[in-house]
Amino acid sequence: KAGVTQTPRYLIKTRGQQVTLSCSPISGHRSVSWYQQTPGQGLQFLFEYFSETQRNKGNFPGRFSGRQFSNSRSEMNVSTLELGDSALYLCASSLGQGNGYTFGSGTRLTVV
Amino acid sequence: SQQGEEDPQALSIQEGENATMNCSYKTSINNLQWYRQNSGRGLVHLILIRSNEREKHSGRLRVTLDTSKKSSSLLITASRAADTASYFCATENSGNTPLVFGKGTRLSVIA
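One line per chain: the protein sequences are A and B, in this order.
Residue numbers for the first sequence follow our numbering, so the first one is 212 and each next one is one higher.
Residue numbers for the second sequence follow our numbering, so the first one is 2 and each next one is one higher.
So here's chain B without its partners, still in its complex pose (with noise of 0.2 Å):
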C-alpha cells in the first residue's frame, strides 16, 4: 500500500526554471526520503529528513517537512534537462518497518 501521495502527478517546464514537488503521507514517521529514478534504472537516494527536521539543503535541491500537515517538499532549483526523471517520496516509521514509496511525480526539463 502507498503511504505517500506526490503531486503533481507529472510536471514539464524549461530549463532554468524551479520545479517543486509535493508528498503528502498518512501516519506519523520516523524520517522522509526523496529518490529520483531515471527511466527504466534503479533509484537514486537524494536526500533524508528525519522528523525532527524542518528543512534540509543538497546542492540545488532543498526540502522541507511539515509534520503537522503531513506533508513535504522538494524544490530543485536552476533545473537542467539532466534533471528529467520520476521522483519519489518514501516514509520510513518508527521500528525496524520497510520503506513505502508514493507513487512518484515525473519531471520533464525542457531544453
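This is chain A alone, in the form it adopts within the complex (with noise of 0.2 Å):
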C-alpha cells in the first residue's frame, strides 16, 4: 500500500511569506499529526487532526495552523515566516492511539 506522501519535498521562501505544506496519509487512516524538526529543539509537535477536527495542538503561535479535508489529506500552514521557523516538517498518520505512526519523508522548509 501507499505510504504518507508529503509535498513539496524541498521549499525556499523568504521572511515575511506563507508556507502551505500537503500530506496524504495511509489510506484508512484518519489520524494524522505534524511534527517541525529542528537540530536544536528535536522533534516538537504541531498538531493532530481527527476526522477533520484539531484533537491535539502544541505549543506553537498562531502562524501555525492546519486542517484536514474529508479523505484525510491534511494541509499546515505557515505565515508570516520567520527565519526560525527553517526546519524539516513531518507528517505522520496512524490508526489511532495504540497503533504506531507511519511517517512521510517530510519537506524541507528553509526561510531566507
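To be clear, the hints were calculated from the coordinates, so they are not data collected in a lab.
Bear in mind that the values here come from a model prediction, so they are computed numbers and not experimental data.
Glycine is no exception: its CB is placed at the ideal position from the N, C-alpha and C atoms.
Hints are supplied without guarantee of correctness; some may be wrong.
Unchecked claim - One-sided excerpt, in silico: chain A residues whose CB lies under 10 Å from chain B:
no.	residue
1	Q229
2	S233
3	Q248
4	G309
5	R319
Dock chain one against chain two, each of which comes alone in its own frame, and use the hints as you go.
Structure representation (C-alpha cells):
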C-alpha cells in the first residue's frame, strides 16, 4: 500500500511569506499529526487532526495552522515566515492510539 | 516539550557488536515506541511496547520496559553498517494525547 506522501520535498521561502505543506495519509488512517524537527529542539509536536477536527495542538504561535479534509488529507500553513521556522516538517498518520505512526519523508523548509 | 530522554546522545560501535540505547520518561504511559531516522528522512516505526509488557522482540531488536523506573531500553544485536541512524523513543499517554518524542540517540556502526 502507498505510504504517507508529503509535498513538496524542499521549499525555500523569504521571511514574511507564507507557505502551505501537504500530507496524504495512508488509506484508512484518520489520524494525521504534524511535527517540526530542528537540530536544537528535536521533534516538536504541532497538531493532530482526526476526522477533520483538530484534536490536539502543540505550543506553537498562531502563525501555524492546519486543517484536514474529508478524505483525511491534511495541510499545514505557516504565515509570516521567520528565519527560525526553517526546519524539517514531518507528517505522520495512524489508525489511532496504540498503533504506531507512519511518517512521510518530510518537507525541508528553508526561510531566507 | 520532551517526555523521553535518550541516553547516550551518541554511540559509535564496530559492526557485529551490540548497541544498547536507553530512554527515560516522566509520566505514566499507555505505550512506548521506538523509531529510527536515517539522515534527513522520515521516521520509521520499529516497535511498540505496551505498559503491561516487559519485553518485546522483533528480529535483531529487543525492547524492555520498566514502568517502576519509567525507563526503556532498545538493544540491537549483531549491528550492521546499515543500522547507522538516529533512534528515538516516543511515549503515548492515555486518552487521545499526541506521541511525544525524545531527542534521540545517534548510532554510528563502523564497518
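Taking the hints in turn, this is what the structure says about them:
A distance limit of 10 Å between C-beta atoms decides the matter here; for Q229(A) the minimum to chain B is near 24 Å, and the interface restraint is violated. Because the beta carbon of S233(A) sits about 15 Å from the nearest beta carbon in chain B, more than 10 Å, this interface hint is broken. Against a cut-off of 10 Å between C-beta atoms, the interface hint on Q248(A) holds, since the closest Cβ of chain B lies about 9 Å away. With a least beta-carbon distance of about 6 Å to chain B, the hint placing G309(A) at the interface is held under the 10 Å criterion.
The closest approach between the C-beta of R319(A) and any C-beta of chain B is roughly 7 Å, which is under the 10 Å cut-off, so the hint is satisfied.
Hints 1 and 2 from the list above are not met by this structure, while the remaining hints are.
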